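K.L.:
All chains should be modelled from the sequences, with the hints used to inform the complete structure.
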Amino acid sequence: MAQPRPLARPPIVEALVDLRASVPVAPAMFNALAEELRDEFPIKEERHDFKAKLEIKDGKVVLPRADASAFGGVRVATKDRSIYAQFRPDGFTLNNMNAYIGGDQLIDKAMTLWELFAERTAPRVVSRAALRYTNRLELPLESGGKFTKFLTAPPRLPEGAPRLVSQFLSRIVGHDEEREATAVVIQQLKEQQSGPPIVITIDVDVFRTGDFPVDPVALRGILSSLRMLKNETFFSLLTEETVSFYE
Amino acid sequence: MTFAASLPWTTYPYVDRSLGTEAAGLRQLLEDAASPASDAASPASTGRTRDIFMSLVEALTEAARTDGITVSLYSLNKTLDFIQSLSPEIPLPAVVVESDDEIGLDWDEGPESVVSLTIDTSDRIGFAALLGSEPLYGRAECIAGLPDEIRDALAHLYPSAPLR
Chain A
1 MAQPRPLARP
11 PIVEALVDLR
21 ASVPVAPAMF
31 NALAEELRDE
41 FPIKEERHDF
51 KAKLEIKDGK
61 VVLPRADASA
71 FGGVRVATKD
81 RSIYAQFRPD
91 GFTLNNMNAY
101 IGGDQLIDKA
111 MTLWELFAER
121 TAPRVVSRAA
131 LRYTNRLELP
141 LESGGKFTKF
151 LTAPPRLPEG
161 APRLVSQFLS
171 RIVGHDEERE
181 ATAVVIQQLK
191 EQQSGPPIVI
201 TIDVDVFRTG
211 DFPVDPVALR
221 GILSSLRMLK
231 NETFFSLLTE
241 ETVSFYE
Chain B
1001 MTFAASLPWT
1011 TYPYVDRSLG
1021 TEAAGLRQLL
1031 EDAASPASDA
1041 ASPASTGRTR
1051 DIFMSLVEAL
1061 TEAARTDGIT
1071 VSLYSLNKTL
1081 DFIQSLSPEI
1091 PLPAVVVESD
1101 DEIGLDWDEG
1111 PESVVSLTID
1121 TSDRIGFAAL
1131 LGSEPLYGRA
1141 ECIAGLPDEI
1151 RDALAHLYPS
1161 APLR
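Each protein sequence line maps, in turn, to chains A and B. Numbering follows the numbering used here, with no gaps: position 229 of the first sequence is 229. If you want the numbering used here, it's the position in the second sequence, counting the first as 1, plus 1000.
Because the hints were derived from the structure by calculation, they are not lab data. Please read all numbers here as calculations on a predicted model, not as lab measurements. Quick reminder that beta carbons are idealized off the backbone N, C-alpha and C, glycines included. One or more hints might be untrue.
Said to hold, decoys possible - Here are the in silico distance ranges between beta carbons for each label pair: (1) S1055(B) with P27(A): 19 to 27 Å; (2) P6(A) with D1148(B): 41 to 49 Å; (3) G1068(B) with R81(A): 31 to 39 Å; (4) D1067(B) with E180(A): 53 to 61 Å; (5) F1003(B) with P27(A): 43 to 51 Å.
P.N.:
Shown next as structure tokens:
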């Protein structure tokens, strides 16, 4: 397995911080926050759940009524859509897409926005804190090559089963007793259209549940611990050769 | 070495707040893998299918409310079939009902990264795209699978998505 270390070109396509907290406040509060953040996050979308009844009459789709929608929160984004912030009645998520800003910056940004959100919505407790990283690895594996050249724990078929594998999807939920955290680890080999590189997705989602304080200092500590678990888990899945491609 | 954990470890339901196309693809695959075969007949049984259905309903509601448009069932079904045929790694488009017979689908990933399709009652799909500085437009025959012009345009926007 590879040693955890900073990578110059990490294969991260999405990194997110998610904090779950019940904040039953009026939609106007969410919109006001989005307005305050408009300089940095000019793109804004409101989320709604709603019901509508479809009827077919004379070959036409008729909508006699649509029920009032349930407010689902507000999502704002930077102009280049590399960072999204989701403010919802059930919590907050910061998503960093494609252009990774770094682990320190991700947590810093999340805490800054969380603090703004919490000041306005006064959550009583954070019930779940999570970090999730989705990685896309393009690896030079030829047909007939061994996955173990690049992965330390690829899904395996035993002797007697077909040995040439074109796709796999593995999801394992593991628990760290010391950190009281859970790690959901997904490894996926996508169906290949042609020869190398093969594309493997490694998704590591680490979280803790409980009654956590809402103050950013306490939450930063929890997220930092989760970040260590995430890093250890991610690098444990890769060989040193794989990591070398991203240094 | 791995060991079995005592149950239950946590009663908190798993949640997914990702927005990216890679994670969307994973979500769809996991939902498909988890759905029993008997649920396959229910059109709204999977997350992405449900999202497709809901986005169409939103567009239909808006068109009925603001313009009094009631779209044809044929166009609606054709649009539903088309969106469902796309790889789950392609984000769902914005849907706009343009007339009684036409439904528009838009993917907007920023300046010079836009693909728009128009589905109507004919065997062709209208497309317009701005990819880089070059505009593309036309009508493509939709007989067997995704027309090449539309596949190429979407592949330009979403290079990681396997396009059938």
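K.L.:
Now look at each hint and say whether the structure bears it out.
P.N.:
Consistency of the hints with the structure:
Range check, S1055(B) to P27(A): about 21 Å between beta-carbon atoms, so the 19 to 27 Å window is met. Separation of P6(A) from D1148(B) is about 43 Å and conforms to the stated range, judged on CB atoms against 41 to 49 Å. In this structure the supplied range 31 to 39 Å holds for G1068(B) paired with R81(A), their Cβ-Cβ distance being about 34 Å. Hint check: D1067(B) to E180(A), Cβ distance near 55 Å, so the stated range 53 to 61 Å holds.
About 47 Å separates the C-beta atoms of F1003(B) and P27(A), a value consistent with the hinted range of 43 to 51 Å.
In this structure, every one of the numbered hints holds.
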